[in-house]
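Chains as they are written, first to last, in our numbering: chain A, 1 to 300; chain B, 1 to 316.
Derived from the structure by calculation, the hints contain no laboratory data. All values derive from a computational prediction rather than experimental measurement. The C-beta atom is built at its ideal place from N, Cα and C for all residues, glycine as well. Hints may be right or wrong, so weigh each one.
[What the hints assert, rightly or not] One side of the interface only, derived from the structure: several residues of chain A facing chain B at Cβ under 8 angstroms:
(1) Leu55
(2) Ser152
(3) Pro263
In case you want the letters, here they are:
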Amino acid sequence: MSAVPVDIAAAPAAPTVPVQGKIGLLRRALQRKRTWIGLVLSLLVLLVAFLGPFLTPHSPTAFVAPPFTPAGSEAAAFGTDILGRDVLSRFLAGGRTLMVLALLATAVGVGLGAAIGVIAAYLRGWADEVLMRTGDVALAFPQIVLALLFLSIIGPKLWLLVLMVALGHLPRVARVVRGAALSVVERDFVRAAESVGIPRWRIMLGEIVPNISSTLAVEFGLRLTYSIGLVAGLSFLGLGLQPPTADWGLMINENRIALTVQPWAVILPVIAIAVLTVGTNLVTDGLAKAAVGSDSGVRA
Amino acid sequence: MRRMLLKRCLFGLVTLLVVSFVVFLATQALPGDAARAILGREATPERLAALREQLNLEGSLPSQYLNWLGSLLQFDLGTSLAAKQPVTGMIGPTLVNSSVLMLSAAVVATPLAIVIGTWSALKKDSAVDHATGIVTLVLAALPEFVVGILLVLLLSTGLFHLLPAVYVGTPGQQVWNDPAQLVLPALTLVLAVLPYIVRIMRATMLEVLDSEYVQQARLKGVPERTVIIRHALPNAVGPVAQVIALQLAWLVGGVVIVEYLFRFPGVGFQLIDAVANRDLPLVQALVLAIALFYVVVNLLADVVTLAANPKVRTAR
Chain A
1 MSAVPVDIAA APAAPTVPVQ GKIGLLRRAL QRKRTWIGLV LSLLVLLVAF LGPFLTPHSP
61 TAFVAPPFTP AGSEAAAFGT DILGRDVLSR FLAGGRTLMV LALLATAVGV GLGAAIGVIA
121 AYLRGWADEV LMRTGDVALA FPQIVLALLF LSIIGPKLWL LVLMVALGHL PRVARVVRGA
181 ALSVVERDFV RAAESVGIPR WRIMLGEIVP NISSTLAVEF GLRLTYSIGL VAGLSFLGLG
241 LQPPTADWGL MINENRIALT VQPWAVILPV IAIAVLTVGT NLVTDGLAKA AVGSDSGVRA
Chain B
1 MRRMLLKRCL FGLVTLLVVS FVVFLATQAL PGDAARAILG REATPERLAA LREQLNLEGS
61 LPSQYLNWLG SLLQFDLGTS LAAKQPVTGM IGPTLVNSSV LMLSAAVVAT PLAIVIGTWS
121 ALKKDSAVDH ATGIVTLVLA ALPEFVVGIL LVLLLSTGLF HLLPAVYVGT PGQQVWNDPA
181 QLVLPALTLV LAVLPYIVRI MRATMLEVLD SEYVQQARLK GVPERTVIIR HALPNAVGPV
241 AQVIALQLAW LVGGVVIVEY LFRFPGVGFQ LIDAVANRDL PLVQALVLAI ALFYVVVNLL
301 ADVVTLAANP KVRTAR
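Next comes chain B alone, as it looks inside the complex (with noise of 0.2 angstroms):
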């Protein structure tokens, strides 16, 4: 078990480390010239000179990499062309307010899901089973943005007005100290997430009701709550896990346009903006941040799926 994980860390970091080298041959390296593509055909040779020192595009490839790399890992992350501040100290509260989002969403949708999951296996082939695999089979193909603005027609500008379409905060101002903000966005990734792992719930509980040691509990007398939860829900959760951690990975890059849409003040909001004004540093920021944050998710759905899994467990 110790040398899996340790085998699924290295496995993590040489991840990052690719990722880092991609950021970096995509931001400096590919479009020729990074400093004229941001200051335009008319820029003084003075400018593009101090902008290239600015952004580490002095000396051979390999040495800029290395320099990068290197204030990188000192949490230098380089000054924002377009807010002429420390990268770091932008992304801070922003990494904070999206995980915020991503918590609120994964803390409804995991129970939630497992609920209607089990739900669904006990009553197989009723009504109420047909009805959540039509409902989920729509929503996992539904695109995220979509459902998000199907969300604002239903609750905000159309049918009701119960809730704030888009984010609307004032600086200094923290995204959990009105809730009701948090609302639609964190719905709208509940809704995506949500139909992988009632599936996969629906289908395993399905394996485990039909198993013997279930059987046997039935046989014996065992009262049929008992039976679900002592027996029954604690087999099945450790085989969903790994689905479970997967979504919540997935929440990760799906947070960035839903974040576009309501106008949240997260990583994804910021990305986009950074895009949008050519701002290098910040973008090469940004999706190293989130690389590194899908990176450590996806560690923990291993550790989540190993510890679940006895046979792994014992194993040496």
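This is chain A alone, in the form it adopts within the complex (with noise of 0.2 angstroms):
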């Protein structure tokens, strides 16, 4: 996959307003019909983890059924786990802080990584050269296994899962962004800028961010898929929420070991976080086929 050359005559001119850019890569993205699927399977998980605290039928810990009554029984619609609590209020209640924290680690991860990006391209020279060789040696280590190492050492805290959620993606953001910068660094109005004395800082923002925001958009919908994944991952782990607390990733790792015996409690969580991240990766896939093209023809 290499950059499309733009036929520079065929080229449309540089936006004068570069919202119209974001919307437009939103409208071309919505033509496509899995852009429309993963939107609609997104939201549904997004409606089940931010609504279903409000909407347990029993605690999500406390004990309602013995061990493992079956689903369909009065007490619990879908049985009760090893614990004999309801594996359903424990599923409407353990979505939420998987969803925060996911979405905190893709902010603060592509925000970060953007900026190192855009700095690194607006500046070249030996800054451009410090950062990228730094994000070289970062890249050459596996994330999860960096998440587990601290994570170990100072506690599962859900700030540092959080952190090493999004020091992990600092690097792959940043060389992406910093591509997609390169080449409006190089651009006219980033000149006129400069020679009327705009400052550095607001030449970054004001001009080179608005014209990679199709970069941006795409880079972000990839970390979440990565974020959701990983986030669960550590939860799965035990490095996340801690017991007695309700957690999807939690869920699974309690119940895996009566799978045969109550299924739901394992099925349920892990069908959420499937529908949500296939959702996730199929906007993202939409958002970046619509961007093709766009970003000054830069995405490749």
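Mind assembling these two chains? They're in different frames, but the hints should get you there.
Here you go:
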């Protein structure tokens, strides 16, 4: 996949109002069926995760019936788990933290990564070299192992989990954003802004960032999908929320030994995570397809 | 070419040095007193002092690091706090097990992905191509432990009862003695790396099929089969090699959760166990081993990419 060379004469003029590009991207993405399907799937799970905690029939940590009461019983629609807690209530209550943590980690990771990428592309020279070489070293380390190392030493703190997932995204985002920003930096309107003495930080925020908004949108979607998987995975490993709190990753871990007796306690959270990640990835794919040709034809 | 390789090797070494420093900082310097963190609040001063000495916690930070690095280079990774055994002996067998698992996944995934990608490219815009596109998109989105559990539900506890859901082995038994136990963890890893290789293979193949030399061969009347196998495939595999190698490097990290899920006796499972026991020397050794593996596979990826690219191969 290489950057599409844009015929200068045929290329549209640089947008005078950069915001239009953003709305155009969304509109183009929504012309694809898969973007819609992805949106519906993601919103469905988000709805369950954020409204669920208010709809639980029982307390998610209370003993309601003997352990492994089968699904369809009066006390518990989806049965009870290994400790006799209501599976449905735990499922409804257990998604919110995962969503919040994944969104936070993505926002921090993509925000900081984009800042580093834009700064490296704009300043060039030794700053670029130092930032990108440091990133290369960070890339030579599996994201999950780094998170495991620090979470095991400092302890399963939620802020640390967010930080580690975000830090894992940072060098990857920075590399992509730098690539996209490089060709914007060379454009005339940046020169023009420099010549009238606009400060550098305002050029980066006001001139460069709006012109790489498609890249940023795609990158956010991609990293969000990975964040959900990583946060859920780390919580599955026992490094996120701690028992007895209801949490999808934790639920899967607690109940997987009883998969044959009470499969719902595993199936519900697994399906929810699967539907959500597939949904966000479909939206991202739609955005990426729509972004080809925008962003001054930079997107690879 | 030789100079580029040397440069990559040097970069790998620097990376390992940085990794060792991070591991050292994280495990020994960051949380205040590692010895107290392990022994708890009620530890006697004598026991604290003894553990501090065992963990190389005496002296200034730089000298601690150099001591630690020195013993590391002599393959002395310390003594496990939980098992009271030398760490070096403990991680040997698990490294072998993980390698077997990753290798079996790689051996299955690579040719399979190349075939599917090529097929999809040849049948561009057909139902097969669209189905492949959707399936790879879905698989790429799913976290690997979700894929693993769905496979367990499908093949061992729910619909079919074909394969064991978790690894059950007796001590001393080698993992390859009972291949049925390897299938689910390996299959999970295969499904995790497959979509990326398929997608890049398809894209590269489409580019190659559109090239002048393929059209020339067709115009000459070369049979389509020969065109694809002799002319198109060799030229497409080169660019794909790097993605394959990167995916295999990813396996080194992805194996952690998958091993934990299937209780497979490899480095990943051991690492989670060591983390739960706060077994610092073992955690250090395992993280370093994983990093070493990662750097080596990445280096191989660079070598393959360089070797596959004629422009670089012939350049000085």
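Double-check Pro263 (chain A) for me: the hint is only fine if its C-beta lies closer than 8 angstroms to a C-beta in chain B. Holds, about 7 angstroms.
Let's test the interface hint: is any C-beta of chain B closer than 8 angstroms to that of Ser152 (chain A)? 4 angstroms, holds
Given Leu55 (chain A) as an interface hint, is the shortest Cβ-Cβ distance to chain B below 8 angstroms? 24 angstroms, violated
In terms of the numbered hints stated before, the structure departs from hint 1 and from no other.
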